[in-house]
Structures are given as structure tokens and as C-alpha cells.
Amino acid sequence: MPKAHVYKRDHINTDEIIPARYLNTDDAVVLAKHCMEDIDEGFMKKISAGDIIVAGDDFGCGSSREHAVWSIQGAKIGAVIAQSYARIFYRNCINCGFYVIELPNAPQVINDGDEIEIDYKAGEINNKTQKKKISFEPLPDFALEIINDGGLLEHIKKKVK
Amino acid sequence: MVKKVKGKIMQMTITEKILARAAGLSSVKPGQLINAKLDRIMCHDVTTPPAISMLKAKDIDTVFDTDKIIVTPDHFQPAKDIQSAQLLKRLDTWAKEKCIKNYYKVGKAGVCHAILPEQGHIKPGHVTIGGDSHTCTYGAFAAFSTGVGSTDLAAGIATGELWFRVPESIKFVLNGKLPFGVYSKDVILEVIRIIGTDGALYKAMEFVGPALKEMTMEARMTITNMAIEAGGKSGIIGFDEITKKYLDEHLKAGDTDYTIYESDAGAKYCQTIEIDCSKLEPMVAFPHLPSNGKKITECAGLAMDQAYIGSCTNGRIEDFRIAAKIMKGKKVKCRTIVVPATPVIWKQCIDEGIAEIFYNAECVFSAPTCGACLGGFMGILAEGERCVSTTNRNFVGRMGHPKSEVYLASPATAAASAIEGKLVDPRNYL
Chain A
0 MPKAHVYKRD
10 HINTDEIIPA
20 RYLNTDDAVV
30 LAKHCMEDID
40 EGFMKKISAG
50 DIIVAGDDFG
60 CGSSREHAVW
70 SIQGAKIGAV
80 IAQSYARIFY
90 RNCINCGFYV
100 IELPNAPQVI
110 NDGDEIEIDY
120 KAGEINNKTQ
130 KKKISFEPLP
140 DFALEIINDG
150 GLLEHIKKKV
160 K
Chain B
0 MVKKVKGKIM
10 QMTITEKILA
20 RAAGLSSVKP
30 GQLINAKLDR
40 IMCHDVTTPP
50 AISMLKAKDI
60 DTVFDTDKII
70 VTPDHFQPAK
80 DIQSAQLLKR
90 LDTWAKEKCI
100 KNYYKVGKAG
110 VCHAILPEQG
120 HIKPGHVTIG
130 GDSHTCTYGA
140 FAAFSTGVGS
150 TDLAAGIATG
160 ELWFRVPESI
170 KFVLNGKLPF
180 GVYSKDVILE
190 VIRIIGTDGA
200 LYKAMEFVGP
210 ALKEMTMEAR
220 MTITNMAIEA
230 GGKSGIIGFD
240 EITKKYLDEH
250 LKAGDTDYTI
260 YESDAGAKYC
270 QTIEIDCSKL
280 EPMVAFPHLP
290 SNGKKITECA
300 GLAMDQAYIG
310 SCTNGRIEDF
320 RIAAKIMKGK
330 KVKCRTIVVP
340 ATPVIWKQCI
350 DEGIAEIFYN
360 AECVFSAPTC
370 GACLGGFMGI
380 LAEGERCVST
390 TNRNFVGRMG
400 HPKSEVYLAS
410 PATAAASAIE
420 GKLVDPRNYL
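Heads up: the protein sequence lines correspond to chains A and B, in order.
Letter by letter, the first sequence follows residues 0 to 160 in numbering that gives the first Met the number 0.
Letter by letter, the second sequence follows residues 0 to 429 in numbering that gives the first Met the number 0.
Among these hints, one or two may not hold up.
Computed cross-link-like contacts, DSS-like style, restricted to lysine-lysine with a CA-CA straight-line distance of at most 25 Å [stated by the list, open to error]:
no., chain 1, residue 1, chain 2, residue 2
1, A, K75, B, K57
2, B, K55, A, K157
3, B, K36, A, K158
4, A, K7, A, K132
5, B, K36, A, K157
6, A, K120, A, K131
7, A, K32, A, K44
8, B, K176, B, K97
9, B, K95, B, K107
10, A, K45, B, K97
11, B, K100, B, K88
12, A, K7, B, K421
13, B, K97, A, K156
14, A, K44, B, K36
15, B, K79, B, K176
16, B, K293, A, K32
17, B, K324, A, K156
18, A, K156, B, K55
19, A, K158, B, K294
20, B, K243, B, K67
21, A, K32, B, K324
22, B, K57, A, K158
23, B, K267, B, K293
24, B, K107, B, K294
25, B, K107, B, K97
26, A, K156, B, K57
27, B, K107, B, K36
28, A, K157, B, K57
29, B, K67, A, K156
30, B, K251, B, K67
In short, the hints are calculated from the structure, not lab data.
Quick caveat: nothing in here was measured; it's all calculated off a predicted structure.
Make the full structure from the sequences, and use the hints.
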């Protein structure tokens with residue numbers, strides 16, 4: 000069952016998600032090794048495939064580096080749930096086929112270690128630990144389509160065919 | 000021919016008018032999703048190689064227009080290590096293979112957001128995207144420009160189009176006259192202090208007002224450059240005589256083939272913020288957010304280990320003239336790294352005797368690169384070190400060790416602080 004890793008902080012920026020000292024590669028496997036390194040050094044040791052990052056406002060602010068999304072995807076994180084996102088990061092996530100959820104008070108209503116399941120289309124988070132269901136505004140259909148296709152380029156290719 | 004577009008029945012902002020034109024529509028309104036034709040695409044060595052690989056992986060071989068894609072390696076050029084050399088090689092191979100007309104190879108290359116305007120690639124009314132968050136810089140030329148990730152960049156390169164959500168606009172009225180020793184960097188740090196790093200999230204930041212009339216294009220670019228630090232999608236400044244003069248000097252001789260858009264008197268803004276620039280003081284943004292601005296009079300005295308003068312924010316000739324004026328005949332007390340943003344600026348520094356002033360002051364005078372601004376190379380910080388920097392971000396680990404600290408300031412404040420080895424008020428040194 001995916002676990003939540005909660006950061007009770009706003010403005011978690013792309014330099015913290017993937018520091019520029021690692022931007023000399025675009026290999027997601029290498030980038031994943033350093034995912035969230037400057038905010039939480041032990042991050043990669045405590046996560047399992049499918050886990051969720053939970054944070055406050057303005058997640059992903061700063062650089063346009065898609066490397067931030069690739070490092071999170073490379074770490075096999077299932078989704079990010081934040082109060083709000085920086086614009087370029089949000090767009091990059093959808094373009095890369097990665098789920099982002101906007102949820103008011105996300106780091107308050109979800110506790111660190113909570114086991115959660117997400118229904119992306121219905122817009123529902125099932126918090127198994129707290130035995131509670133929380134609704135969120137699902138992404139519009141076109142964005143879900145891009146994500147389901149595996150990203151914007153695959154989506155475009157499919158449409159052209 | 001210079002064309003002027005008068006207000007139509009629907010009252011629009013300059014940003015809405017430019018996006019409507021690019022989408023082939025007579026009008027647009029905030030929130031509307033549009034597909035816009037791109038006039039320019041900026042490519043550099045960090046985000047473009049992945050875009051090229053994505054296109055290859057999908058068997059997409061087309062480049063929408065070899066004249067409209069501008070390529071300049073800058074982040075890790077000249078190559079800082081083997082891996083960045085590989086990135087530069089991938090960029091170089093692709094640019095040659097695709098016959099990209101405006102490819103600035105190392106020696107001609109420089110910090111992208113300084114190169115594009117300097118070399119005459121940005122015109123009023125343009126829609127430009129770039130694989131870099133500071134692409135918003137070009138808005139100083141009455142144009143729309145915004146940063147994108149590698150996937151959007153790839154889509155843009157292949158098709159020459161991209162979808163956008165038309166942003167709401169916030170109007171910033173810069174009233175008054177900048178006092179002595181206060182610069183456009185201080186203005187934008189104050190703007191970000193007021194609204195916060197997500198205060199303009201998804202929005203276009205439109206700057207107007209009398210204070211702009213006394214700012215050069217270089218100074219204005221410092222303001223639009225940092226729109227992203229307030230979360231903005233774009234920053235924009237209207238066209239005037241100062242814009243025209245710069246364009247006359249930087250576009251090909253006689254090229255006036257551009258369209259000037261202006262905000263209508265009845266255009267809608269989601270917010271209007273007035274700032275009395277005559278009351279501003281030199282500002283320093285403390286770690287670890289650009290919104291942590293303090294007046295220099297409230298923070299002078301803090302010891303610094305390094306001063307860094309350069310970047311797409313403040314690496315232009317005017318910035319080095321100011322720094323040199325302060326450093327002339329003095330020696331720095333902390334290590335000081337001076338990085339002209341382009342080869343042209345580098346040569347201007349030599350020709351004007353500015354480089355010699357830096358040499359005599361015992362600064363490092365580097366070749367053009369983004370360098371240490373993003374913690375690449377040429378001035379990385381050790382654990383616990385503090386740097387006063389003319390760059391744009393002071394996030395954790397931005398210029399080096401996660402426990403180092405970056406203090407954002409104007410070139411004048413950085414130069415004066417370099418002389419004293421601590422944060423000082425530049426007005427006592429000018």
C-alpha cells in the first residue's frame with residue numbers, strides 16, 4: 000500500500016528536488032538517486048514504489064528543469080499531493096505523464112506514513128490509516144488523457160496516427 | 000514597417016493582444032486555452048538535449064523553422080566535466096545536423112537571456128518560449144515570453160506551436176524616480192518581497208509607470224527576468240523610445256518589421272499594485288527565498304565569503320560599469336567572481352578598461368557562462384559560506400553546499416560588499 004511522505008512546508012523548489020549539480024545528466028535512474036536530496040537526505044532510503052509526496056503551497060517553484068519530474072518518476076513515486084504548484088512544474092508533470100493533485104491543507108489532512116489509495120478520475124483519496132475519504136478536483140479529461148498516454152509526446156503521436 | 004495596433008472594441012491587455020494575434024483570434028480573455036504560433040524558441044545545453052532525445056525516441060525528425068530556433072550553450076559551457084561535455088556534444092551534433100541558423104558556438108556563446116536580445120532575436124509582439132524559467136526576460140521588449148520544460152520545448156521545436164492558458168494580468172505601477180544608488184534589481188526584489196514567491200502564480204506581470212522611463216533596456220530586463228521568482232508566467236513592459244533605441248542598435252540595420260501592442264485603457268487586471276520607487280533603498284534578499292528582502296540599512300555588516308557579479312539577471316555591461324565604478328582603485332576583501340554574460344559584454348569590459356579595474360581589485364574575471372548562479376561551476380560555495388550575488392535565486396543549495404547561503408542584491412551592493420567583505424550600503428561608495 001502506498002505511503003504518504005509529508006513535508007509541512009511551502010515553496011519546495013526544483014533546486015531542492017534535484018540540485019543543479021546533478022543536471023549534467025538527463026538519465027532518470029541517476030537523477031532518482033538524488034531526488035529530494037537537499038530537503039531530505041534520507042528520502043530515497045525510506046520510500047517504496049508508488050509512495051506519495053505530500054506538501055504545502057507552491058510545490059516545484061524555480062527552474063523549468065523537467066529533471067525535477069524525472070527524478071521523482073525515477074524514484075517511482077506515484078503522485079504528488081500539494082496545496083498548490085508552481086506553473087512550469089505542474090505543466091511538466093502532466094507532459095511527463097505524472098499525476099499531480101491539488102488539495103487544500105494537504106500536509107494537515109494527511110499524516111506522514113498514512114497509507115493511501117487514489118482514484119484519479121473520480122477525484123478521491125482513500126486514507127486507509129485514518130479510515131477517511133477525501134475528495135479533490137480531478138484533472139480535466141484532456142490532462143488525464145495525456146497522463147494515461149504516458150506523456151504529451153506519446154499523446155501527440157497517438158493523435159496524429 | 001512599424002505597425003501600431005489600436006484598441007479594438009474588446010478592451011485587452013498587451014499580453015492578451017499578443018496571445019490573440021499568435022492564436023489567430025481577434026480577442027482572448029484570461030482562462031481561455033489557446034494554441035499559439037511561436038516566433039522564437041530558445042535552446043540551451045541543459046534542457047534541450049533531453050528534448051532532442053525525446054523527439055528521436057518518437058521518430059519525430061522535423062524542426063519547425065531553422066531560422067526561429069536560437070541555440071546557445073550557457074549553463075555548463077565551456078564543459079565543466081565529462082557529463083556536461085556529453086550534453087554539449089548532443090546539442091552541437093543536433094544543431095549542425097538540423098542546420099540551425101542561429102547557433103552560438105562556444106566563443107560566441109553566452110548566457111541565453113543576454114544573447115538573444117543582444118543579437119537581435121527578440122522583437123516586440125513576439126511569442127517566445129525557452130527551455131529555461133528565466134525566458135520571461137524578453138517581456139522587457141513588449142513581447143510575450145515564458146519558460147517551459149523539455150517536453151513542451153520538444154513539442155515547440157517540432158510543430159512551432161504550443162497551447163497556453165491566457166493569464167490574468169497584475170499591473171505594477173512603478174511611481175516616482177529611483178533614488179541615487181537604487182537600481183532596477185532593488186525594485187524587483189521589493190516587488191517580490193511584497194507579493195511573495197507565488198504572488199503572481201500563473202499571472203502576467205505588467206510593469207508600467209514613470210520610474211521605467213529612466214531605466215535602460217538592460218535595467219528593465221532585470222525586472223522582467225525575475226517575474227518567475229514571483230511565480231509569474233511572464234513579465235512585460237510596454238514599448239517606448241528606450242525600447243526603440245535598443246532595437247535600432249541591435250536588430251539588423253533598418254529592420255523595423257515588428258508590431259507594437261499596447262494595453263487598452265479599459266483592460267482588466269486582477270490586481271494593481273503601486274510602488275513609490277522614490278522611497279526605495281538598496282535591497283538584499285536573505286536565504287532561502289527571493290521574497291526575503293531586507294533594506295540594506297537593516298542588514299549591513301553581515302560578513303560574506305564571496306561576491307558574485309553576473310548571470311541573466313545582472314551580467315550586462317551596465318552592471319559591470321556600476322561595479323567597476325565602485326571597485327576602482329580598491330581591493331576586494333572576499334573572493335569576488337565577475338562573469339560577463341556574453342562575449343560582446345566581455346569585450347566591452349576589456350575595451351572600456353573595466354576588466355583592468357576588476358583585475359587590479361583582485362577579482363576573478365571569467366568567460367561568459369551561467370556558472371555558479373545555479374551551482375554549476377566557477378564559484379561553488381563550501382559548507383557554511385555566504386555569498387552576496389547579483390543572481391536571481393537563493394534557494395537551499397542553489398550555489399553549492401546545501402548549508403551555504405546566497406544573498407541577492409544589485410551589482411552596486413555586491414561590489415561595495417566585496418570591497419568590505421561584508422554587506423554594506425553601496426550609496427557610501429558611489
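Tested hints:
1. A:K75 to B:K57: Given pair K75 (chain A), K57 (chain B) holds - Cα atoms ~23 Å apart, limit 25 Å.
2. B:K55 to A:K157: Status holds; Cα separation ~16 Å.
3. B:K36 to A:K158: Since the Cα atoms of K36 (chain B) and K158 (chain A) sit roughly 19 Å apart, the hinted pair holds (cutoff 25 Å).
4. A:K7 to A:K132: 21 Å, holds
5. B:K36 to A:K157: Roughly 22 Å separates the two Cα atoms, so the pair holds.
6. A:K120 to A:K131: Given that 25 Å is the threshold and the Cα spacing comes to 18 Å, the pair holds.
7. A:K32 to A:K44: The given pair, whose Cα atoms are some 10 Å apart, holds under the 25 Å limit.
8. B:K176 to B:K97: Violated - the C-alpha atoms of K97 (chain B) and K176 (chain B) are around 48 Å apart, more than 25 Å.
9. B:K95 to B:K107: Within the cut-off at roughly 15 Å; holds.
10. A:K45 to B:K97: Distance ~45 Å between K45 (chain A) and K97 (chain B) Cα, so the pair is violated.
11. B:K100 to B:K88: 17 Å, holds
12. A:K7 to B:K421: 34 Å, violated
13. B:K97 to A:K156: Measuring from Cα to Cα gives roughly 21 Å; hence the hint holds.
14. A:K44 to B:K36: 45 Å, violated
15. B:K79 to B:K176: 43 Å, violated
16. B:K293 to A:K32: 36 Å, violated
17. B:K324 to A:K156: Since the Cα atoms of K324 (chain B) and K156 (chain A) sit roughly 56 Å apart, the hinted pair is violated (cutoff 25 Å).
18. A:K156 to B:K55: Since the Cα atoms of K156 (chain A) and K55 (chain B) sit roughly 12 Å apart, the hinted pair holds (cutoff 25 Å).
19. A:K158 to B:K294: Violated - the C-alpha atoms of K294 (chain B) and K158 (chain A) are around 54 Å apart, more than 25 Å.
20. B:K243 to B:K67: 22 Å, holds
21. A:K32 to B:K324: At roughly 46 Å apart (the allowed maximum being 25 Å), K324 (chain B) and K32 (chain A) break the hint.
22. B:K57 to A:K158: 13 Å, holds
23. B:K267 to B:K293: 32 Å, violated
24. B:K107 to B:K294: Given pair K107 (chain B), K294 (chain B) is violated - Cα atoms ~38 Å apart, limit 25 Å.
25. B:K107 to B:K97: 19 Å, holds
26. A:K156 to B:K57: Distance ~8 Å between K156 (chain A) and K57 (chain B) Cα, so the pair holds.
27. B:K107 to B:K36: 28 Å, violated
28. A:K157 to B:K57: 11 Å, holds
29. B:K67 to A:K156: Cα-Cα ~23 Å, so holds.
30. B:K251 to B:K67: Satisfied, since the Cα-Cα distance of roughly 15 Å is no more than 25 Å.
Figure legend: structure checked against the earlier numbered hints; hints not met, in rising order: 8, 10, 12, 14, 15, 16, 17, 19, 21, 23, 24 and 27.
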